[in-house]
Structures are given as structure tokens and as C-alpha cells.
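*Asks:* As a plain string of letters, each chain reads:
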Amino acid sequence: MKKRLSVALRIALGTAAAGVLMTASGAALAADPLRIGVIAEAQAIAGASIPQAAQLAADEINAKGGVDGRKIEIISYDNHSSSADSVRAFQRAVNEDKVNAVVASYISEVVLALEPWASRLKTPFVTPGAASNEISKSVHADYEKNKYTFHGYLTSAALALSVCDAAKDLLVDRMHMKSAVIMSEDAAWTKPLDIGYEECLPKIGLKVLDHIRFSPDTTDFTPIFNKIEGSKPDVIITGISHVGVQPTVQWKNQQVPIPMFGISSQATNETFGKDTNQAAEGVLYQGVSGPGVAVTPKSVPFAEAFKKKFGNYPSYAGYTAYDEVYYIADAVKRAGSTEADKLVTALEATDWEGTIGRVQFYGKDDQFTHSIKYGKGLITGLMLQWQDGKQSAVWPKDVAKVDVKFPSFIKLSN
Amino acid sequence: MIDGFAISALYALGATGFTLIFGVSGVLNLSHGAIMVAAAVAAWAAASVLNVGTYAGALIGVGVALLTAFATYFAVVKPIQDSRRIPNEEKEIFVLTGTLLWGIMIQELIAYFFTNNAKTVLPIVEGVVEILGVRTPKNEIFTAIVCCLVIALLWLLVNRTRTGKAVLAASMNPRGVTLLGLELTNIYIVVWAIYGILAGIAGVLLGMFLGVSSYSVGPLTASAFSIVVLGGLGSVSGSLIAAFVVGYLETLTAYLVSPAYRTIPALLLLVFVMYIRPQGLLGRR
Chain A
1 MKKRLSVALR
11 IALGTAAAGV
21 LMTASGAALA
31 ADPLRIGVIA
41 EAQAIAGASI
51 PQAAQLAADE
61 INAKGGVDGR
71 KIEIISYDNH
81 SSSADSVRAF
91 QRAVNEDKVN
101 AVVASYISEV
111 VLALEPWASR
121 LKTPFVTPGA
131 ASNEISKSVH
141 ADYEKNKYTF
151 HGYLTSAALA
161 LSVCDAAKDL
171 LVDRMHMKSA
181 VIMSEDAAWT
191 KPLDIGYEEC
201 LPKIGLKVLD
211 HIRFSPDTTD
221 FTPIFNKIEG
231 SKPDVIITGI
241 SHVGVQPTVQ
251 WKNQQVPIPM
261 FGISSQATNE
271 TFGKDTNQAA
281 EGVLYQGVSG
291 PGVAVTPKSV
301 PFAEAFKKKF
311 GNYPSYAGYT
321 AYDEVYYIAD
331 AVKRAGSTEA
341 DKLVTALEAT
351 DWEGTIGRVQ
361 FYGKDDQFTH
371 SIKYGKGLIT
381 GLMLQWQDGK
391 QSAVWPKDVA
401 KVDVKFPSFI
411 KLSN
Chain B
1 MIDGFAISAL
11 YALGATGFTL
21 IFGVSGVLNL
31 SHGAIMVAAA
41 VAAWAAASVL
51 NVGTYAGALI
61 GVGVALLTAF
71 ATYFAVVKPI
81 QDSRRIPNEE
91 KEIFVLTGTL
101 LWGIMIQELI
111 AYFFTNNAKT
121 VLPIVEGVVE
131 ILGVRTPKNE
141 IFTAIVCCLV
151 IALLWLLVNR
161 TRTGKAVLAA
171 SMNPRGVTLL
181 GLELTNIYIV
191 VWAIYGILAG
201 IAGVLLGMFL
211 GVSSYSVGPL
221 TASAFSIVVL
231 GGLGSVSGSL
241 IAAFVVGYLE
251 TLTAYLVSPA
261 YRTIPALLLL
271 VFVMYIRPQG
281 LLGRR
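Protein sequences appear in the order of chains A and B.
The numbers in the working numbering rise by one with no breaks, and the one at position 380 of the first sequence is 380.
The numbers in the working numbering rise by one with no breaks, and the one at position 50 of the second sequence is 50.
Please keep in mind that the hints were generated in silico from the structure rather than gathered at the bench.
For clarity, every value in this text was computed on a predicted model and none was experimentally measured.
Certain hints may be false.
A partial selection of chain B residues facing chain A, derived with a Cβ cut-off under 7 Å [said to hold, decoys possible]:
#	residue
1	K119
2	E130
3	N173
4	G176
5	V177
6	T178
7	T185
8	N186
9	G211
10	A254
11	Y255
12	A260
Ideal Cβ placement from N, Cα and C applies to all residues, glycine included.
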């Protein structure tokens with residue numbers, strides 16, 4: 001009798017212990033975080049926002065209970081704007097820190113260096129800010145191998161389209177401009193951009209008079225502006241990112257009478273006004289977001305939360321990085337797994353309203369596989385202008401708050 | 001042409017200090033670019049972040065360059081020169097490496113605190129004037145005038161004052177100077193002070209004229225180095241001539257050929273001069 005009881009007791013105890021163990025392992029599984037590696041340029045303004053925005057998104061998701069009970073953990077690495085450092089960081093992120101996905105860089109050269117590593121290490125990888133067409137073209141060319149790479153920002157081709165769409169409304173229809181000179185820095189991302197410009201500018205009625213490509217380490221832009229003035233265009237269409245402060249300041253100091261319009265990544269930074277001592281006044285630049293511009297209901301709350309936490313507004317890559325953490329989390333939830341191939345399939349099905357518009361990816365058969373879709377109702381980009389020391393949206397009409405205006409040294413020919 | 005003159009004058013100002021130090025103490029200061037950038041960024045920060053005004057900002061920039069130059073001398077160069085453990089014949093290499101690393105440290109600190117985005121110093125004079133039909137920023141003319149004035153002052157200092165003559169003597173024969181009862185260390189300090197002020201003025205002017213970022217450190221050191229080598233190491237007048245040669249060559253290339261190839265002809269010229277006249281245009285050794 002006594003013995004039997006003890007057996008029963010033992011069984012009961014055993015069951016209880018097993019139960020405890022099971023719940024413990026269950027809890028361990030739930031607590032096992034979803035790890036996202038963030039590799040970015042901590043010293044560059046565009047890059048510095050990337051890990052900050054990713055962390056903000058992770059904190060918000062975690063505060064609401066995480067992804068199916070799993071917390072998101074952001075592990076960030078500074079790549080010093082170097083491809084070699086980025087590759088090392090990527091390897092470390094995957095092999096040692098066991099990340100499930102990587103968000104990395106705003107520099108095309110860096111992203112192109114990481115792309116083969118995403119394939120080799122079979123780790124989903126999204127870039128928040130690089131623009132080269134080659135990123136998504138490689139996915140298209142060898143889908144099975146390169147499907148792990150996603151292009152979470154507009155391609156140069158789409159950027160050119162965005163600039164042209166805005167130029168048609170603002171410059172051609174409203175100001176009756178007829179000619180342009182393209183001025184772009186010599187880098188991987190501007191090659192397809194320039195091709196895009198050359199194709200779409202004549203279509204909207206802007207004749208391309210000249211095309212100047214210059215080395216990204218140019219410091220004196222006087223000869224370039226001189227040459228541009230010589231061909232008397234109505235507008236300078238820009239494609240600059242590595243440079244920005246210097247050409248803008250010299251444009252103002254030399255009082256070049258031609259407006260600048262196009263892509264000027266540094267102008268998207270809130271600090272650009274101060275860095276240029278307000279020479280930025282009148283500069284028109286393409287962006288996907290801007291302080292106070294409600295592209296979607298999420299844009300302004302994100303920008304304000306970011307400013308509250310970090311003291312400044314996010315760079316363009318901050319917006320995209322924030323969205324990326326959200327849609328990676330969403331994909332993990334839909335896939336029910338962090339297994340790379342399943343995650344890729346889930347990411348491909350992304351339909352996420354983020355801070356810069358509605359994010360969907362082009363499919364396997366599109367030319368730019370895994371790049372975000374450009375178009376109305378998706379992402380169109382904005383045109384903004386520095387006015388009175390602030391960035392204000394001037395295009396498209398539904399978000400524009402002010403009209404285009406120029407400093408007094410700009411002489412419009414019409 | 002005026003653009004070329006302003007650029008050349010700036011190069012000259014930057015390179016003069018560089019060559020002076022080499023002439024007097026045999027030090028090739030590879031943190032030169034970093035000191036210039038530090039001056040420009042300090043002037044920017046003082047004027048834009050602390051709102052002290054343009055003139056005060058520029059003065060602070062020059063002050064920072066002076067301090068950095070002293071720091072370079074006392075923290076990097078002097079300990080190496082005084083060290084008993086480093087053989088004399090290896091000291092030059094140690095100084096080269098030391099100043100190079102020091103320059104990189106300054107560069108990284110600037111990038112860390114002020115990001116690697118370019119900064120520009122607010123011009124002291126604004127606006128443009130037409131000269132022979134060319135619209136020229138007044139600041140460019142101002143830059144050229146300041147550079148010429150400073151170089152003229154330097155010439156007066158070296159050739160007309162007691163301290164200057166001691167410096168000149170030290171560059172010709174250091175042992176002779178000590179025999180005359182002058183403390184060599186004091187002369188070095190004077191030279192580093194002159195150098196700091198020159199580099200500071202050049203840095204601040206460059207910040208107004210073109211803008212600088214932490215990326216400019218390498219190219220600035222390289223341009224000063226090649227100008228000094230071209231002109232003849234240690235020769236101030238050689239550096240002046242070389243600065244104008246390089247400045248105009250670069251500007252002409254940018255205007256007539258393509259801005260993308262700006263620096264190439266000057267570097268080719270440097271290689272060519274090294275072949276036919278290794279001591280440089282006016283070099284003594």
C-alpha cells in the first residue's frame with residue numbers, strides 16, 4: 001500500500017516535473033528573440049539613422065508583445081562606409097550572432113558587395129537606401145541564387161522616373177522650362193539614373209543640352225557650374241549623394257542663376273541647412289519623406305517619435321529601415337518561421353503600408369525582382385524644397401504645402 | 001583665372017607651413033590635412049552651433065589649429081625626437097608614422113563628433129562682382145588677398161625679425177644655431193606656432209571657399225606633400241611657385257579637359273620632375 005502510493009506519487013511528481021520542463025522549453029522558444037542584424041554607416045548622416053530607426057521599430061513591436069511572443073533584437077554594426085568592413089560584419093552577424101535577417105547600408109557599392117554573401121550564407125537581406133538597378137537585376141538574372149536580397153528603396157530607374165514626373169508638373173507645365181543639363185557624380189547608382197534621365201527628360205519636354213559627370217571627390221565646382229552656365233539651360237537636373245554640401249554652397253556663393261532640381265541625398269538631411277549655412281535655400285530635391293509630410297498616416301508619428309528619442313529627424317534611409325523591421329516582423333509572422341527560404345517567400349508577398357507609402361516587391365518575372373514597386377497608390381516619392389531654413393513638400397499636389405520659390409539670384413528665363 | 005589664383009594662393013598658404021617645419025626640424029607632418037580640417041570644422045561649429053559670429057568663428061578655427069599643431073609637436077613629434085630608444089636614423093620614419101596615425105585619429109574624431117558630411121564656413125564677405133565679364137564671388141578675392149597678405153607677413157617675419165632670422169638659421173644649420181647660444185627647442189616651438197596659424201588660416205579659408213569634410217584630410221595632406229616635393233623640400237619660395245603651378249594646372253584641366261581628371265596632370269608633372277630633378281624645383285638637398 002505504502003509502496004503503491006509512492007509509485008503514484010512518483011508518477012505525479014514526474015508528470016509535474018515534465019510539465020514544468022515543457023513549459024520551460026515553451027517559454028524558451030517564445031523568448032528566443034528574432035534577431036535582425038543592422039549594418040550601416042554610423043558616421044554618415046544618411047547611414048546613422050538606419051540602426052536608430054530599426055531600434056525604434058523593434059522597441060515599438062516589442063512593447064506590443066513582439067512577434068508571436070518573440071521579442072525583436074537589433075544587433076548593429078558600424079561599417080565605416082567600407083565594403084570590406086560590411087562583408088566582415090555580415091559574416092559575423094550570420095555565423096556568430098545568428099541573425100535571422102540583415103538590414104544594411106545606403107551605399108550601392110556596399111550593397112552589391114553584400115549581395116553574394118546573402119546568397120552564400122542564405123540570409124534574407126534588405127537594403128534601406130541603396131539605389132543601383134544592379135541590386136535587383138542580379139536577383140532577376142539568377143533568382144534561385146540571389147533571391148535572399150531585397151531592395152527596400154527605389155531603384156535609380158524609379159528615382160529618375162520620380163524626378164521626371166515631378167519635373168513635368170512643376171517645371172514644364174507650371175514654369176514652361178524647355179532645357180536641362182544633367183549634373184551627376186560618377187558612382188554605381190548614377191549610371192542607371194543618368195540613363196533614366198536621358199530617356200525621360202526629353203519625353204516630358206526638357207531638352208538635355210549637356211551631361212556632366214564628375215568625380216565624387218570633387219571639391220571645387222566652379223568649372224562645372226561655368227560649363228553648365230555656358231550651355232544656358234533652364235534647370236540643372238542633379239544626381240548627387242556623396243557630394244551635396246559643397247556644390248550647394250558654391251552654387252550660392254557664385255550665384256549660379258539656374259535652379260537645381262533632382263536627387264541630392266544630403267539635402268534630405270535635416271542638418272543640411274546648417275551644414276551649408278543656409279545656402280540650401282531654394283534647392284529642390286527628390287525624397288520619399290519629409291518632416292511634417294503625411295505620405296501615409298504613419299509618416300509623421302514615426303518622424304516625431306524618432307526626433308523625440310534621438311534629437312533629430314531621420315534621414316530617408318531611417319524611414320525605410322523603420323518600415324523594413326516592421327515588414328520583416330510581419331513576414332516572420334506570416335511564415336510562422338524564421339527559416340530563410342520560407343521568410344523569402346513571405347517577404348515576396350509583402351503588402352505593407354509603411355512610412356513612405358505602400359510597400360510591395362516586384363516578382364520573379366519583373367526586370368527589377370525584389371525591388372519595391374514604384375507608382376501611384378504604392379510609392380511615388382516627393383519633391384521637396386528648402387524654404388526659410390526648412391524642408392517643405394512642393395509635389396505631389398495632395399501633400400504639397402507650399403509653392404516653389406527661388407532665392408533672388410536665380411533668373412528664370414520664362 | 002581668378003578661381004585658379006585663389007586656389008593656388010590657398011595651396012601656397014597650406015604648403016608654406018608644411019615646408020617650413022620640414023626645413024627647420026626635418027619633420028614631415030602627415031597630420032597636416034587633419035589640422036586644416038580641424039580648423040575649418042571648429043570655425044563652422046563655433047559659428048553655426050554656438051552662434052558666435054563669423055569673425056569669432058574664424059578666430060576660433062585658427063586657435064584650434066594652433067592648439068592642434070602644438071599638440072602634434074608635444075604629444076607626437078617631440079617624444080619621438082627625444083626618445084633614446086629609437087635610433088636616430090629611424091626617427092624620421094617614426095615621425096612620419098606617428099603624425100600619419102595622429103592625423104587619422106583627428107580625422108576619426110571629427111567624423112565621430114561632426115559626421116563625415118561636408119561643412120562650410122560662412123564667408124566673411126558675401127556677394128559677387130563682375131570681373132571682365134566673369135561673375136566672381138567677393139569671397140574668392142578676399143581669400144586670395146588674405147593668402148597673399150599672410151605670405152607677405154611671413155616673409156617679413158622670417159627675413160626682418162630676430163626670431164625669424166633664428167628660424168632661418170636653424171633651417172640652414174641647426175648645430176650652428178645652438179653654438180650661437182639659441183635654444184633649438186624654442187625655435188621649434190616658434191615654427192610650430194607659425195605653422196599652426198598658417199594651417200588654421202588656410203583651413204578656415206578653404207572651409208569658406210570650397211567646404212571641407214573629414215574625407216578631405218587625405219587629399220589635403222597629399223596636395224601639400226606633392227606641392228612641397230615639387231617645389232623642393234624645405235624651400236619656401238619653391239613651394240610658393242609649385243603651389244601656383246599645381247593650382248593653375250588643376251584649374252586649367254578642370255576647365256579645358258574635364259573636372260573628373262582635375263588632379264591627374266599635376267601628379268604626372270610631379271613624377272616627371274622627380275625623374276629629371278629629384279631635389280624639386282628649388283630644393284637644396
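*Asks:* Work down the list of hints and note, for each, if the structure agrees.
*Replies:* For each hint, the structure was consulted:
Given hint, K119 (chain B) at the interface with chain A, holds; its Cβ is 6 Å from that chain's nearest Cβ, closer than 7 Å. Proximity of E130 (chain B) to chain A is violated relative to the hint, the smallest CB-CB distance being about 11 Å (cut-off 7 Å). At about 40 Å, the closest approach between the beta carbon of N173 (chain B) and any beta carbon in chain A exceeds 7 Å, and the interface hint on this residue is violated. For G176 (chain B), the shortest C-beta to C-beta distance to chain A is roughly 42 Å, which exceeds 7 Å, and the interface hint is violated.
Contact between V177 (chain B) and chain A, as hinted, is not supported at the beta carbon level, the nearest pair being about 40 Å apart and thus beyond 7 Å. The beta carbon of T178 (chain B) comes no nearer than 43 Å to any beta carbon in chain A, farther than 7 Å, and the hint placing it at the interface is violated. About 37 Å separates the beta-carbon of T185 (chain B) from the nearest beta-carbon of chain A, more than 7 Å, and the hint is not met. A hinted interface residue such as N186 (chain B) counts as satisfied when its beta carbon comes closer than 7 Å to some beta carbon of chain A; here the least separation is about 37 Å, so the hint is violated.
The interface hint given for G211 (chain B) is met, as the beta carbon of that residue sits about 4 Å from the closest beta carbon of chain A, less than 7 Å. A hinted interface residue such as A254 (chain B) counts as satisfied when its beta carbon comes closer than 7 Å to some beta carbon of chain A; here the least separation is about 4 Å, so the hint holds. For Y255 (chain B), the suggested interface contact is upheld, since its CB lies about 5 Å from the closest CB of chain A, less than 7 Å. Nearest Cβ of chain A to the Cβ of A260 (chain B): about 5 Å, under the 7 Å cut. The hint holds.
Violated hints, listed in ascending order, are 2, 3, 4, 5, 6, 7 and 8; each of the other numbered hints is respected by the structure.
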